[in-house]
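Undergrad: Here is what each chain is made of, one letter per residue.
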Amino acid sequence: MLGIVPENEYLFDDEVGNYDFPEKQTMRLKKVMGYNKHRISKPDSAASDFALFGMEHMLKNNWIGKEEIGAIIVVTLCPDHFVPHISNIVHGKLGLDNDVLCIDIPQGCCGFLVGLSQAFMLLEHMKDKKVVVINTDILSHKVSKKDRNDFPLIGDGAAVTVVENSNDDREIYYEMHMDGSRGDALIIPAGGFRMPSTAQTAVMENTGDGNYRSLDNMHMDGSAVFNFVQVEVPPLLENTFRSCGITVDDIDWFLFHQPNKFMLQKLAEKSGIPFEKMPMNLVENFGNPSGSSIPLVTVSNIADKLIENEYKCCFSAFGSGLAWGSMVTDLGKLSHCELIVSDL
Amino acid sequence: MEEIIAMLNEIRPEHDFASSEDYIEDGLIDSFDIITLINMLEEKYNISIDGIDIIPENFNTAENIAELVRKSGGNI
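Residue numbers (the working numbering), protein chains in the order written: chain A, 1 to 344; chain B, 1 to 76.
These are computed hints drawn from the structure, not numbers from a lab. Note that the coordinates shown come from a computational prediction; the quantities given were computed from them, not determined experimentally. Each hint should be verified, as a subset may be incorrect.
Restricting the straight-line Cα-Cα distance to at most 20 Å, the calculated cross-link-like pairs of lysine to aspartate or glutamate (EDC-like) are [said to hold, decoys possible]:
| no. | chain 1 | residue 1 | chain 2 | residue 2 |
| --- | --- | --- | --- | --- |
| 1 | A | LYS270 | B | ASP50 |
| 2 | A | LYS24 | B | GLU42 |
| 3 | A | LYS24 | B | GLU3 |
| 4 | A | LYS127 | A | ASP99 |
| 5 | A | LYS270 | A | ASP249 |
| 6 | A | LYS261 | B | GLU3 |
| 7 | A | LYS24 | B | GLU14 |
| 8 | A | LYS261 | B | ASP50 |
| 9 | A | LYS261 | B | GLU67 |
| 10 | A | LYS130 | A | GLU67 |
| 11 | A | LYS30 | B | GLU43 |
| 12 | B | LYS71 | A | GLU269 |
Please build the complete structure, drawing on both the sequences and the hints.
TA: Next up, the structure:
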């Protein structure tokens, strides 16, 4: 497992003046939400650049050989182009064989779980190959810098996870739910075929709550998303644990999507999860990078542990779609687990 | 109730909360103001508000906010 973050680090304290809110109030949010530092990629960097940076690091250091790769699954909300897909771009630039399958999946916060689940299914048919799951997003490029609700928490980044079959018969439990009827709660209205980006969609407007954004920017209905997480995720976790025949106490690490510290603390309290078993510091240190949040919070907190030992881990993600899911798996004795910084 | 109005005024000093019958509907507070208010309420009344109760309907009037504090074990 490899995490990649850009080198450009922005401090929340330096951005407070960008927002049309009283400073005292904004600084209180810093404490509650965990705003502190976030990593933002350069304006000319693309999501495929992060994918390639990670793949080249792995190949150069012999983490994996080109001939071992059976498929590349790229999960992203930030395609370089409508056509071709990032997986094909990566395939071409790495010079992979023609029998390597390339798949792009447009998924946001649940992108790691969705990518893994597809990898598991592919591995049923490629017994001797490895599947590479790449989560890569640069959503900061779509967030208004004058939107205090969205910009302080956003971060760019990527992760590459290599998945292969094992010889033991331990099971991985996975549960995923979707509700497209609430999809507008997290939306970038313009830029697709429904509403192409124009000079008009790029006009910044005061949204009435002190924030400024355009139709080209990402918008989150914070209240709707928060309530969705608090209502849907605790029963999801209960059901997953019941299916596994375990309790919260049997899990060593809860590696969850990282929307903000406040939401995670409320979720942990509701589900009886000890804070010390659930790292909540990705927004504080790097920002919320969407689909790569789970691997990034993993490699930035417990990389050494995962190389030395094995743990029962619960992954959970929730967000755009709306979608929410969980996975329980034994994880550890990894040959490689690392966070690297790119110049992208 | 005055304590709650004082907190709301600290968060959004530009608004007149006394003349509003629905803070959310009238656009006086948004979701991030609610998070700020929750933090202030939890500190002042030494309570923990259940995540499932963090819905706009519980924050649209001072009366409803006070009721939520009481439901969460606060003495107000």
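Undergrad: Now look at each hint and say whether the structure bears it out.
TA: Verification of the hints:
Of the supplied pair hints, the one linking LYS270(A) and ASP50(B) holds, its CA atoms being roughly 7 Å apart against a limit of 20 Å. At roughly 18 Å between alpha-carbon atoms, LYS24(A) and GLU42(B) fall within 20 Å of each other, so this suggested pair holds. Straight-line distance between C-alpha atoms of LYS24(A) and GLU3(B) comes to about 19 Å, which keeps the hinted pair within the 20 Å bound. Simply put, LYS127(A) and ASP99(A) have alpha-carbon atoms about 15 Å apart, close enough for the 20 Å limit, and the pair holds.
Taking the CA atoms of LYS270(A) and ASP249(A), the gap is about 14 Å. The hint holds against a cut of 20 Å. For a cut-off of 20 Å, the pair hint linking LYS261(A) to GLU3(B) is broken: about 27 Å separates their Cα positions. Between LYS24(A) and GLU14(B), the direct Cα distance comes to roughly 14 Å. Compliance with the 20 Å bound is thereby established for this hinted pair. Of the supplied pair hints, the one linking LYS261(A) and ASP50(B) holds, its CA atoms being roughly 15 Å apart against a limit of 20 Å.
For the suggested pair LYS261(A) and GLU67(B), the alpha carbons sit about 26 Å apart, so the restraint of at most 20 Å is broken. Distance check on the hinted pair: LYS130(A) and GLU67(A) sit about 9 Å apart at the alpha-carbon level, within 20 Å; holds. A threshold of 20 Å between alpha carbons decides the hint, and for LYS30(A) with GLU43(B) the separation of about 16 Å falls inside it, so the pair holds. The hinted pair formed by LYS71(B) and GLU269(A) meets the criterion: a straight-line CA distance of about 17 Å does not exceed 20 Å.
Hint compliance for this structure: hints 6 and 9 are not met, and every other hint is.
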